[in-house]
Amino acid sequence: MREISVDKVTEKVKAMCIKANHFLSSDMEGALLSSIEKEESELGKKVLCQLRENLEIAGSDMIPICQDTGMAVVFIKVGMDVHFTGGSLEDAINEGIRQGYTEGFLRKSVVKDPIERVNTGDNTPGVIHYEIVPGDSVEITLAPKGFGSENMSRVFMLKPADGIEGVKNAIVTAVKEAGPNACPPMVVGVGIGGTFEKCALLAKKALLRPMDEYSEIPYVKELEKEVLDEINKSGIGPGGLGGVITALKVNILTYPTHIAGLPVAVNICCHVNRHVTEVL
Amino acid sequence: MDKYISLPISKEDAKNLRAGDYVYLTGVLYTARDAAHKRMDESLKEGKDLPIDIKGTTIYYMGPSPARDGRPIGSAGPTTASRMDKYAPKLLDMGMIGMVGKGKRSDEVKAAIVRNGAVYFAAVGGAGALLSKAIKSSEVVAYDDLGTEAIRKLEVSNFPVIVVMDSEGNNLYETARAEFERK
Chain A
1 MREISVDKVT EKVKAMCIKA NHFLSSDMEG ALLSSIEKEE SELGKKVLCQ LRENLEIAGS
61 DMIPICQDTG MAVVFIKVGM DVHFTGGSLE DAINEGIRQG YTEGFLRKSV VKDPIERVNT
121 GDNTPGVIHY EIVPGDSVEI TLAPKGFGSE NMSRVFMLKP ADGIEGVKNA IVTAVKEAGP
181 NACPPMVVGV GIGGTFEKCA LLAKKALLRP MDEYSEIPYV KELEKEVLDE INKSGIGPGG
241 LGGVITALKV NILTYPTHIA GLPVAVNICC HVNRHVTEVL
Chain B
1 MDKYISLPIS KEDAKNLRAG DYVYLTGVLY TARDAAHKRM DESLKEGKDL PIDIKGTTIY
61 YMGPSPARDG RPIGSAGPTT ASRMDKYAPK LLDMGMIGMV GKGKRSDEVK AAIVRNGAVY
121 FAAVGGAGAL LSKAIKSSEV VAYDDLGTEA IRKLEVSNFP VIVVMDSEGN NLYETARAEF
181 ERK
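The listed protein sequences derive, respectively, from chains A and B.
What the first sequence shows, in my numbering, is residues 1 to 280, in sequence order.
What the second sequence shows, in my numbering, is residues 1 to 183, in sequence order.
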């Protein structure tokens, strides 16, 4: 049994909130920058160049890449041989978010109640997903999610007879409806299978997959490429101002499902697809 | 076409702007987003005055991140404009001349833009660090308790935007997309 103080979790989460909001992962930055030369629209190119300059300023001047520094989504994989000491793990994670968003000059975008809508003032609580895994380490992924793109995400409860064509159609429909609202070029996370909530969680996790990796399942890999092509034929383009780079990547995760169902979730992310992973 | 426009935008300038124009704005912008619009709407329904003079004003749909010491503002890019569609026609009819945001607008907003000779600009979404460099000062002028959603008076210099909807009812999102759409 390995003992880990929850204070260590707080410390990590705090630092990850600040890092994620100022620096993109190298694969994500690479995907964005390499899209510039592929864009055919002059205005589209100009938008992409502004995004490049934006990333440079964010890193050098420590100004968040986007003012919507998101709701903090946390994925935590806890080894079965870990014993946390010094308090509640959930409280420790939220304390990290509180300190990160307050001391890191990040925007507080969370309201306590969805109808009464009073800001909590410190961006807590986060949305925390726990996973128990073998071993004695703790892996934390922090993914601040902005709501311009979150608002355009969808869950479709398709029928088995809709098949792969139905899935393609669902993804492309969600992206076209999102259009300029979701700050294209987008990254599209897709979950297929499971249940209503499982496919949504898969879609969120799909956004975390490195931009240079594809599904290991051959037909899914094909689907990822085909749907990306289809999306980029839409003409929406960078900023929605026309062009051939509407999405940078489609990442799909699948899971077994029920004989009666074909759930599909599409979690749209803008070009600021932020996530940091650290191990304790 | 690149244009340099002073704020407040004159009626003549607004009428001459065309969807697709790349515009640099200099002068005063006011920020307001969801919560501030809701509160302004409630004030109007109660017959009270708005906290800012809306006539001739351009509103930037934006809630910034906090400023670090010595800087006027933090990251400051546009939020999705359609969430303000419920409130915008009334404000346009009261004399608001411009809006800066990102994303599609409703038919009601489009009609109000045409009816009033107004304009809807997009700033590049997700470029908040870059856009903050064009903001020279920021001061909360109303609804301080709303935090990032308070109404702020911003002085901007060559703030880069693109005309999406103009007073003739043109919509760049539709025309630009059609140009690059492939069947």
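There may be inaccurate statements among the hints.
As the list claims (entries may be wrong) - Straight-line distance between alpha carbons at most 20 Å, and here's what the computed DMTMM-like set of lysine to aspartate or glutamate pairs gives:
id : chain 1 : residue 1 : chain 2 : residue 2
1  : A       : Lys45     : B       : Asp69
2  : A       : Lys8      : A       : Glu230
3  : A       : Lys19     : A       : Asp136
4  : B       : Lys153    : B       : Asp69
5  : A       : Lys46     : B       : Asp2
6  : A       : Lys176    : B       : Glu174
7  : B       : Lys183    : A       : Glu230
8  : A       : Lys77     : A       : Asp7
9  : A       : Lys233    : B       : Glu179
10 : A       : Lys46     : B       : Glu108
Claimed, not checked - Some chain B residues close to chain A (C-beta under 7 Å, calculated; not the full set):
id : residue
11 : Pro66
12 : Gly125
13 : Gly126
If you are wondering where the hints come from, they were derived from the structure by calculation, not from laboratory data.
Built from N, CA and C at the ideal position, the CB exists for glycine as well.
Evaluated hints:
no., hint, result
1, A:Lys45 / B:Asp69, "violated, 34 Å"
2, A:Lys8 / A:Glu230, "violated, 45 Å"
3, A:Lys19 / A:Asp136, "violated, 25 Å"
4, B:Lys153 / B:Asp69, "holds, 19 Å"
5, A:Lys46 / B:Asp2, "holds, 13 Å"
6, A:Lys176 / B:Glu174, "holds, 12 Å"
7, B:Lys183 / A:Glu230, "holds, 9 Å"
8, A:Lys77 / A:Asp7, "holds, 17 Å"
9, A:Lys233 / B:Glu179, "holds, 11 Å"
10, A:Lys46 / B:Glu108, "violated, 30 Å"
11, Pro66, "holds, 5 Å"
12, Gly125, "holds, 4 Å"
13, Gly126, "holds, 5 Å"
When each numbered hint is compared with the structure, violations occur for hints 1, 2, 3 and 10.
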